[in-house]
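Protein chains in written order, with our numbering: chain A, 804 to 1220; chain B, 2 to 418.
No wet-lab data here; the hints were simulated from the structure.
Since no wrong hints were added, every one of them can be taken at face value.
Here are some chain A residues the structure puts well away from chain B; computed CB gaps all over 12 Å:
(1) Val1009
(2) Thr1032
(3) Asp1053
No farther apart than 30 Å at their CA atoms in a straight line, the calculated lysine-lysine pairs in the DSSO-like style are these:
(4) Lys97/B - Lys250/B
(5) Lys308/B - Lys97/B
(6) Lys6/B - Lys1148/A
(7) Lys1113/A - Lys830/A
(8) Lys1113/A - Lys97/B
(9) Lys225/B - Lys212/B
Some chain A residues near chain B, calculated using beta-carbon distances under 8 Å:
(10) Leu1037
(11) Ala1041
(12) Ala1060
(13) Ile1077
(14) Pro1108
(15) Asn1119
(16) Gln1120
(17) His1128
(18) Cys1142
(19) Leu1189
(20) Val1192
(21) Phe1207
(22) Glu1209
(23) Thr1210
No experiment lies behind these values; they were computed from the predicted model shown.
Beta carbons are placed, not taken as given, at the ideal position from N, Cα and C, and that holds for glycine.
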Amino acid sequence: MAEDVAPQEDLTDEGGVRTLHLKVLRKQWQVVAVQVIATLALLWLYLQMGDTFGSCSPQHVDDSGNSLWCPALDHTLTLQGFENMMRGESGDPDWQLPFPDFLTGVGNEGPGRYYVPLLLCGMVAGGWVFLNFQTPQRRRQVYLGVLVGLILFLAGRMLLGWFWGMLYHWDLYWPFSVDPARNHAVTLVYPLTVYSQVFLLAIYFVPVWTGLMGIWGLSRRMIGWSLGTVLVYLGLYALLSFESVMVYFDIGLAPLASQVGTATALGGLVSPEIWPLLLMALLMLIYSESGFASIRHLEYAFRLPESCKKDPEYVNQFDNMLNGHLVHTVGIFFAVALCTMLALKFDDLLLDLVSLFGVSQWSGQVQESLELRLTYGKVISGMLFLIFVAGLRFVVPWQRITGFFETYIPKLALGRD
Amino acid sequence: MWTRKAALMMTSGISLVLVGMMMSNFQLMVIGIAFISFLAINSWVTGHGELDIVRTLSADNLYKGDDLYVELAITNSARRRTQLLEVFDNVPHEMKLRSGLNYMRINLGPGQTTRIRYVLRCPLRGHFSLGPISLRYRNTFNLYSTEMFVDHRSDLIVFPQVRDVEEAMVRSRTPKMYTGAMTLRTPGPGTEFYSLRQYVPGDPFKSINWKAYARTGELMVNEKCRDAVTDVFILLDSRDVSRIGTVLKNPLEMGTVAAASLASYFIQRRDSVALAVYDDRLSFLPADGGDKQYFKILSSLAGVAPKGNMPLQAVTNALSPRFSRGSPVFIISSLEGDGTVPHAVRDLAGRNHEVIVLSPSSTDYERLVSRVPRMSYEVMKLERQNRLTALAGFGARVIDWMPDVELSQALLQVKLS
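Chain A with its partners taken away, still in its complex shape (with noise of 0.2 Å):
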């Protein structure tokens, strides 16, 4: 590209002349829509993990009846037991964390548990995305500006107690001891618990503030992490909650159902059991490939020479791009939500179907057979559905017809002025 390929400059709208510049692209409307489509998918998935895996079992009790831990999707369960830990540890019946509970969301019960996280995770990964758009100097002066915060936050008190004492007591000695006047360790403990409580805050929360540094960061490998973490927690929790694993080893989990009852939600499509598995499916599938498309398509208008970027051809295209991109995302996923329930309960199908054939004894065999509703019927029956669709393409020109209608409607709208 010759000399034509240089670093790319911050430019704005040329005159009104619409370019691909990042900075330009990042305010238009399509780019921003796959971003929050990317956003809201993530956010609703962490919300529908925590409804589904957010509790322990309720047999999970010690012999007081009292709830113990387990390593469900809720942090306000770790909090509150670090917090009796430190109570036991201080002695202090009264002892709390730094933190209070509206910004923990301790105490309360349900989704109201990760509101104030997720918008606190949404403040972070705002502020780091901030931080990126300023210049190199700038970030490392802010970098280092927070470096210092933290260690004077964790250890300045103690050092500033410690130099004091040893001026006030007119002796060297070191800042441990079992003198309380001596003993200046003992400032650490609340920087401690602080960052601690953040730790513990941000473990639980890795897909959500990883993942929205990658949505509007541009980062794929935060998006990695994102998803990365969902899913070793859901094959975790898989593990941990298997009924053979449960009988030598059981923290406490809650398993799923392994049986799945009649479809009655969403019109009688899907069964409750299975919604919020398959919700929780189809946005991790829309987040990754939302998120991983706004960087897709940016990542190549950056690297586009710079008189591509104020060519008008190369803007139309990157706007019809977009635009197929989120007709796709909303009608694609919601053919996938579709055939996905529909092979769930292809199955009833097939029973239905065995019906027609009459009295028989295979047929009865087949309808009284309870395996075509259990796991391995249901999951073979929808793998077959899935065959089907996938061969639905050599039957159903449905291209052409979506063509036809892009070809003649705006033909006969022009007719018609």
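Please build the complex by placing chain B on the supplied structure of chain A, with the hints as guidance.
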């Protein structure tokens, strides 16, 4: 074709379904089925390459180092969207993109058109072809891709550069050395003064010498030398040995520039120019004048490539019946690896031809690409000097052309025997 992402998704989907079935975990199964459903639905959407593509070039022929403006008009001739399509115009690797880009991602609706414009620099002479156009359809979510070609090609000839040699020739020791008057000292239509004679009826008034009339009292007219057309023969050495040096600077490249420049100069002066290129065989373009001949010579020079090892004497022997009597012969050769050169030059000079040897110094071109020890260089240089002196002794005008010397400058260094 499935992308790596699709293959990974399918593998993950099946694995999750199987693991979910083993562990009776509906969450994993549903995620797996959703993945497969996502693939099945996406397989419905396919792009196409039914495009009308027209490539327009700013010129079909141009000189080495010139810029070529290319425009690619792409129209979706089908009645459905192209979906996300990558268009890449294949450009010869010898050409460099100067501005714009030969690549665009498009999403054209039915009947829509877009244009790709870019500028190429052509640093090497030759016969080139732009195209075919590579198309790659990518699914919106990057799951499937299909590669296609549109076999649309545009041929292009890049001529060698033509340098201005007129001044050099005028300033040489034999002004206007070949244009007719050299051998035909007869009166006729021309530009140079020949003699005065008495006016006879029918002479044009503009040729009357009024000063002579005033002096002698008789009408006198100026007679001019007849500008007869001379045949100029250019013999270009294109043997394998002439590739010594860099891609842009080697005896053959310099030789083509010299041949093109000389041809341009003599054809502009209404002389006839013949070109013989010898490599592993002899290509001969008979002497002719005019723009057509000029185009033929440039086209022939554009396609010259180093190969073979034909001796010069074989060339002169083969062409001897075609050489016009007394016509000037230019030999453009590095004179390396050919022991027949002195004999060939002696034969030509003996047949009363004006022989000019323009010899790019291959010893110095070799130094551009490899380190030659000083002693070896001096020895090679001395051998070359002896060779050139011997040729001068046979009656040729010899020009030792160094790499960093302009052609017009080099032509001033004619050694007279």
